[in-house]
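Peer 1: Protein sequence lines, in the order shown, are assigned to chains B and L. The opening residue of the first sequence carries number 6 in our numbering; numbering runs sequentially from there. The opening residue of the second sequence carries number 205 in our numbering; numbering runs sequentially from there.
Since the hints were derived computationally from the structure, they do not count as laboratory data. One thing to keep in mind: the hints can contain errors.
20 angstroms max Cα-Cα, derived PhoX-like pairs, lysine-lysine [unchecked claim]:
#1 B/LYS133 x L/LYS208
#2 B/LYS51 x L/LYS410
#3 L/LYS495 x L/LYS256
#4 L/LYS429 x B/LYS151
#5 B/LYS27 x L/LYS410
#6 B/LYS85 x B/LYS7
#7 L/LYS208 x L/LYS238
#8 B/LYS133 x B/LYS85
#9 B/LYS151 x L/LYS256
#10 B/LYS51 x L/LYS429
#11 L/LYS429 x B/LYS85
#12 B/LYS98 x B/LYS51
#13 B/LYS16 x B/LYS27
#14 L/LYS443 x B/LYS85
Among the chain L residues that face chain B by a calculated CB cut under 8 angstroms, a handful are [unchecked claim]:
#15 GLU415
#16 HIS416
#17 GLY417
#18 ILE540
#19 THR541
Backbone N, C-alpha and C define an ideal beta-carbon position, used for all residues, glycine too.
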Amino acid sequence: MKEIKAKLIEKIGGSFENVSVKDHDSNRLDFHVDTNVIPQILTFLKVNMGYIHLSHISCVDWIEDGEFEIVYIVWSPTEKLKVFVRTRISREKPLLPNIDMIWRQANTYERELREMYGVEVDGLVADKEFLLEDWEGMPPMRRDFKTEEYAQNTFWSRDGREDAVDVREEIIKRSREEIPDFAKKYSR
Amino acid sequence: MREKATTLYFGPQHPGITGNMMIRLKVEGDTIVKATTEVGYLHRAFEKLQEKRNWLQSFTMMCRFCVPETDPMEELYARAVETIEGREVPERAKYIRVMVLELARLASFMLWYGGQNGSLGLYTMGQWSVGDRNYILDLFEELTGGRVYHMYIWPGGVRRDLPKGFEQKVIKTMDYLEKRLGDYDDLMFDNAIFKKRTQGVGIVDKDTAVEHGVVGAVLRGCGIKSDIRIDEPYEVYSKLDFEVPTSEGADIWARALVRRQEARQSIRIIRQVIDMMPGGAVYNKIPNPQKWKLPKGDAYVRVESVRGEVGLYAVSDGGTMPRRIHLRGAAYVHGITLLEDVLVGENIADVSAIMNSLGTCPPEIER
């Protein structure tokens, strides 16, 4: 595994600039790269190094840094190594290059990124709506989206929830049944 | 003379569909010329809600991501948390986890048997296999208290040890199911209708598979030997002896042949696990969940479900709640871009059979 990682670090380091590496104990290797080289580095990994499987694309909102971190996870079935390609983009005007010509399924991930985080993907051809319908305002997966406020403004409470009626007392009132002794201790 | 194209809406409520989603089909006669998926009927924002809950509360949502097979999600979450924290899991718990995962796979295979045949109008199989699945759910009920949602595999191990005599019950159920799988073969694979409706239908060849990031039985059905349990073994899979079946046809029939063998392999694994299971503790206790902080870091773990590779990316910012939980479902890849491409040129009547064969699970797509 060490030789595989060393070879990959050398190849990536030799072909791309501004790449920093973080090694892990397990079969995992992280590369931090510039956003604009993402398509090239992923193509290089797929075509030249055998990392043919795009396992995942994820986004993490680091609101305190004013940035989104985008993580591409690729897997090589021959080397048995997981490679994380990470990049950071500004939260203000988040823009990513499109990679759905490298892996077709990336299209779905990019649609979700656009909808849930408001990350624009340059050259993405897909329906604007994915999971949400007629959504306006802040993309909901951003950390500053106020979930509780949204729920209160959008939905309403069912009767009987706010007053928190004791179920057992209600049963007695309606059925005139006595609570057995063993159940009384749970009563409020 | 060119036939006029019509738009058909397949779903969101349809007896042949695998959950609430819609496919807009443009058809000429009975042939599909364009398919567009529309999802959004089952979005429950689990991942957002998990960011507002502590690491243990967040675990209770995992099993709800995909109803037919709930345990792989729990195992993923547990393993992601353990990887970030560096928490050891007792050896016995690892064996129990594998047993539960394989039981879950078997239960999910039973649903697939029913769904795959039902989508072709062959309803007897569904009556049999869903009935037999109940015997597995009985085991789950005894072990975990729940039939479908178990919340059993949690960070640090499993929630409780096996009840007395549970192993023998599992063995007896396996004996019964092994016999029944023979009956299923007679009903399914010797059936001329099943053969005719599945051979040459819903083809996913090797190039398409790699281009689309296809996983699981769909990948093995086009001849590529790939299985997370072998490629990146987790729990105790590296100590177990089992085979990864493949098939060359790349159609629904080929994938059915693969799954038929896989169900038998699951039984084989369960028998081994029960034989090899050591004694000892099953849970490495976590601290007070309200104060339980994970170190800053992230983890990406994968599991082999019946639908294929399911992954979970978990990020901790050093606090008591997850910064990000992101599930990668097999259906997320199979159910949108791949399905849209595969359906072109197929017959309207085969849509639900193809969806079943690709393992499309809308709750897993939307989360």
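Peer 1: What are the numbers of the hints the structure violates, in ascending order?
Peer 2: 1, 4, 5, 8 and 12
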